[in-house]
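Keeping their order, the protein sequence lines are chains A and B. So that you can map any letter, position 78 of the first sequence is 360 in my numbering, and since no number is skipped, the others follow by simple counting. So that you can map any letter, position 46 of the second sequence is 60 in my numbering, and since no number is skipped, the others follow by simple counting.
A few of these clues could be false.
Stated by the list, open to error - Ranges of calculated distance between the beta carbons of each label pair, as one might list FRET restraints:
1) A:435 - B:47: 43 to 49 Å
2) B:44 - A:587: 20 to 26 Å
3) B:47 - A:632: 30 to 36 Å
4) A:309 - B:33: 48 to 54 Å
5) A:730 - B:44: 34 to 40 Å
Since the hints were made in silico from the structure, they are not lab data. Small disclaimer: the values here were computed from a predicted structure and weren't measured. Ideal Cβ positions, reconstructed from N, Cα and C, are used throughout, including at glycine.
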Amino acid sequence: MITSPPAAELTPENPEIRPAPSQPIENFSYDNTSVKWFAYATIIWGIIGMTVGLWVALDLVFPQLNLGLAFTSFGRTRPLHTNAVIFAFVGNGIFMGVYYSLQRLCKARMYSDTLSKLHFWGWQLIIVAAVITIPLGYTSGKEYAELEWPIDILITIVWVIFGINMFGTIIKRRERHLYVAIWFYIATFVTVAVLHIVNSVEIPVTFMKSYSWYAGVQDALVQWWYGHNAVAFFLTTPYLGLMYYFIPKVAQRPVYSYRLSIIHFWALIFLYIWAGPHHLLYTSLPDWAQSLGVVFSIMLLAPSWGGMINGLLTLRGAWDKVREDVVLKFLVVAVTAYGMATFEGPMLSLKSVNGIAHFTDWIVAHVHVGALGWNGFLTFGILYWLIPKMFRTQLYSRKLANAHFWIGTLGILFYAIPMYWAGFAQSLMWKEFNADGTIANSFLDTVTHLAPMYALRSLGGVLYLTGVIMMTYNLIKTVKAGSFLANEEAEAPALAKHYVTHGKEHWHRWIERRPTQLLIFSLIVILIGGAIEFIPTFLVKSNIPTIASVKPYTPLELEGRDIYVREGCYTCHSQMIRPFRSETKRYGEYSKAGEFVYDHPFQWGSKRTGPDLHRIGGKYQDDWHYNHMYEPTSTSSGSIMPAYPWLFENKIDYTVTPKKILAMQTLGVPYPEGYDKIAVVDAQKQAKAITANLKKTLGKKGLIAPLSPDHEIIAVIAYLQRMGTDIKAKAPVTDTTSKK
Amino acid sequence: MKFINYLTSITGIGIFPLISLLVFFVFFVLLGFYIMKADKVRLNYLAAMPVEKNEKDQNKTTGINN
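Construct the complete structure from the given sequences, taking the supplied hints into account.
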């Protein structure tokens, strides 16, 4: 048996760090196969997700690309794009980087090859399920959490498998200290688990249909706590872990400041979890929660920039390498994009800025600086470094990789600049008034005005995607030229079972060696933020003043609402009128918290490609909706909304209606006892009334398709005509906030 | 009486942001102390962990630098 050698070059003369001399050297190997598979999946899903992204971008310039089919309409393909790039491209990218770096940082092979395989194939199964179900219209209607309940359960199982595999590796490690990247991985694991479970609490109605457990304001708070922290703990913390591993690794220089990384870690996970409400500024969310979101978002600037500076300054004295090494170029631009996006984020959280930017393309630009710059470029940099290394060869073409870098950078600029422009233009046009106090621009004017910007953005997408395809070719050639090292031999001294401390130990140093305790601490830290925002919003009645005239949806309206959710209308239309003159003048009375108490799920939306719909009820006649849904340009010339001809053929599925009523009753919607038994009769009665009205107004000439009360369009019209009309009944608002 | 009754009767939620701020403040003051006092040699060791060369099969190139 060999005993350990003297301390390695970088090991200081410190008894706490130096491996115990009596420990035997162990031989083991790193598993590169899982890393390779995750790398391949990252590339394949990246191309698919970005191609769908380009397609949905082009939809806004050429609405014909919606193809007139249900599964290819924007409301379904846009969630496909977001899910594919977030969970398939970045998700696989995370696992690729974690599986590579964790083994090396722990000096141990992944805990179980079987779990690695299960994790890989389980994750791909989830993605395939998403690719099939989202276009088919199976959605829970919550952004970035669209997947229905059976897939939610599968996600939970696969995530737990990942967790066991990761913790197993950490527990059997040969390195006492947990490097900061591992902290980020642990925080990612625990927080994503909490976010996913809390946001996915839903009541199943059928195999692929469920209702969110929460309603209205509460659902919005939970959803954006989830949505924001999906950005934080899926797109940011794991990638920061990768940054902390790969930048020093590639540059062959230690992290600039380990002190800063400790503060970076705790401050980031502590602050991020609170910031969700900044997605809901000026909405019906209670003011105190909005303010809390703003304050924490502003504070986030400090750790985010601390992290960015730490990443960039790691290259101090090595900037000459950046000129030569394309991997470093990608990494530097990634970290810079992170810095820009995390500066912009807090600025967008200021209420005055948010009032301008929210619901516009500005947010789309902001998101893509992060997605294309930070996540995309970091992933590409890692791929260019990993693949040649695992295949023991040189990169096929350095020139091509450089070309990818430049075309990708140009792609980001061509994407972001037109979208910023579009965002400003949109907001200014929405808010413009004539001298006589009337609104200057119709909504449609603002839409048609943006077409050139949308076209330029698509060009940005083409450039970026071209770069990715060039990378794929380059990496395929590299793979073919090399020979894959499936098991990388390594050796390290075993870890002493009993750790001897030297003198008094600080509490933080204690935690740095203990993964389980670190997990629990991280969990507590993130739960505090969630709990303090949730508990009062959920339980203190004064937060959501009830409105006596707000009644549950009729069964037909409920069916119509489900179709609205299925078609992804929320991807373009908000249902939230903010208390601005420019909005109340255009859309009507601003939205009240009490109006959404029966909305499972809420459908406030986050982007207005089309106008707000909260007060659409009664604004137009039934026949207007009928024509508009069949061919939007027939009522609104220049509209880019997709047509929905299938609603005029598909029949309303009344077989599930009673179950839906029962589910709603379980959720606390006050339908009378036994209403599920007569709900269908009520629905059919209302459908007949709408059909009769349509026949009267349209006459035989105006009929586009055979008119039947059973067609889905009738339910959609019922829902649209109901929306936002309850408070017009003029029942007094019960102000429960007043002191007794 | 169920626990939820106590939660629903929370009054003066204005105190919540203050509590949050206090929790935040105390945690980071403690962390700040730790950071100041932490052993520099040890931090340098940790900072260099990704760079450490401990793999048997040391491929010196990054594949594209040379």
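How the hints compare with the structure:
no.: 1; hint: A:435 - B:47: 43 to 49 Å; verdict: holds (44 Å)
no.: 2; hint: B:44 - A:587: 20 to 26 Å; verdict: holds (22 Å)
no.: 3; hint: B:47 - A:632: 30 to 36 Å; verdict: holds (32 Å)
no.: 4; hint: A:309 - B:33: 48 to 54 Å; verdict: holds (53 Å)
no.: 5; hint: A:730 - B:44: 34 to 40 Å; verdict: violated (57 Å)
When the structure is compared with the earlier hints, a violation turns up for hint 5 alone.
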